[in-house]
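Peer 1: In order, the protein sequences belong to chains A and B.
Residue 18 is where the first sequence starts when you use the working numbering, and the numbers rise one by one after that.
Residue 18 is where the second sequence starts when you use the working numbering, and the numbers rise one by one after that.
These are computed hints drawn from the structure, not numbers from a lab.
Be careful, since some hints might not be right.
Straight line, CA to CA, 25 Å or less: simulated PhoX-like cross-link-like pairs of lysine-lysine [as the list claims (entries may be wrong)]:
1. K103/A to K19/A
2. K28/A to K19/B
3. K82/B to K147/B
4. K82/A to K82/B
5. K28/B to K19/A
6. K109/B to K147/B
7. K19/A to K19/B
8. K28/B to K82/B
9. K104/A to K19/A
10. K147/B to K19/A
11. K147/A to K19/B
12. K28/A to K82/A
Listing some non-contacts, in silico: residues in chain B with all C-beta distances to chain A over 12 Å [what the hints assert, rightly or not]:
13. E49
14. E52
15. L74
16. V79
17. H92
18. D117
19. Y119
Have a look at the derived ranges for each label pair, beta carbon to beta carbon [claimed, not checked]:
20. G39/B to T102/A: 13 to 21 Å
21. E31/B to D99/A: 24 to 32 Å
22. K109/A to K103/B: 45 to 53 Å
23. V50/B to E76/A: 40 to 48 Å
24. S29/A to G112/B: 16 to 24 Å
25. E52/B to G118/A: 38 to 46 Å
26. H133/A to L74/B: 27 to 35 Å
27. H133/A to T102/B: 37 to 45 Å
The beta-carbon is built from N, C-alpha and C at its ideal position, and this holds for glycine as well.
2 protein chains.
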Amino acid sequence: MKIDHIGIAVKSIEDSLGFYEGVLGVEQAGREVIEDQGVTVVLLPADESRIELLEPLSEDTVVGKFIARRGEGLHHVCYEVDDLTKKLDDLKSRGLRLLDGYPRRGAEGRLVAFVHPSSAGGVLVELVEKRTEGEG
Amino acid sequence: MKIDHIGIAVKSIEDSLGFYEGVLGVEQAGREVIEDQGVTVVLLPADESRIELLEPLSEDTVVGKFIARRGEGLHHVCYEVDDLTKKLDDLKSRGLRLLDGYPRRGAEGRLVAFVHPSSAGGVLVELVEKRTEGEG
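Looking at chain A on its own, in the form it has when it is part of the complex (with noise of 0.2 Å):
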């Protein structure tokens, strides 16, 4: 098991970065507008991982929603699997709650799916499929 990113819920990038690049000494490694999901995303470099900050388009969105309700923070784990396909079937006929019963596109193009925090103790668990020799 990898850790692919850990999204976190921000106000402002701008602001947030003062912090990772300030205090962390990380250096940012791009900017994409995900209109999907209604966020701005900026990747963070942290070496095999990286951290992934998520800016609200506005507030009526579901990062929007998260800051409202729980203010900045943590806001959900990425694990890489090697087919995303398979997994979803197999968490679905485990009986898991997932938020995406299909993969879509991500962030960076790549393929995603959610799996509700009920079904995660919590945490809501992001899955990617691993990127294949040649890509990115």
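Let chain A serve as the given structure and place chain B on it in line with the hints.
Peer 2: Frame of chain A; chain B shown alone:
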């Protein structure tokens, strides 16, 4: 920067292992009681990082109160630093709010310190000193 581990607050380590062992296919690394922090800890290997499951020893502990207030879920992120004392001095000089002004012993006997969430964008951040050669 390297993510040493992600700390997840759980009511029961036994119950949570079903998800991590069964669904994610990880194997349990080791179990440790940290009286000082009022938790039982299990570290699950995740490539170069680990998932740390934290089960409170009682309701009247930091993690016990966290679960009562917010439910099970993501609790903290731990980053590895080269020299913890030097890093803490640096953070103090920047005016960051620390929960530990000086390194103390955490899981696996390693030197750790926590940064207050108010100084880290709502995230409880733990810092751990890098293992020296021949250690651990």
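Peer 1: Need the list of violated hint numbers for this structure, in ascending order.
Peer 2: When the structure is compared with the hints, numbers 3, 17 turn out to be violated.
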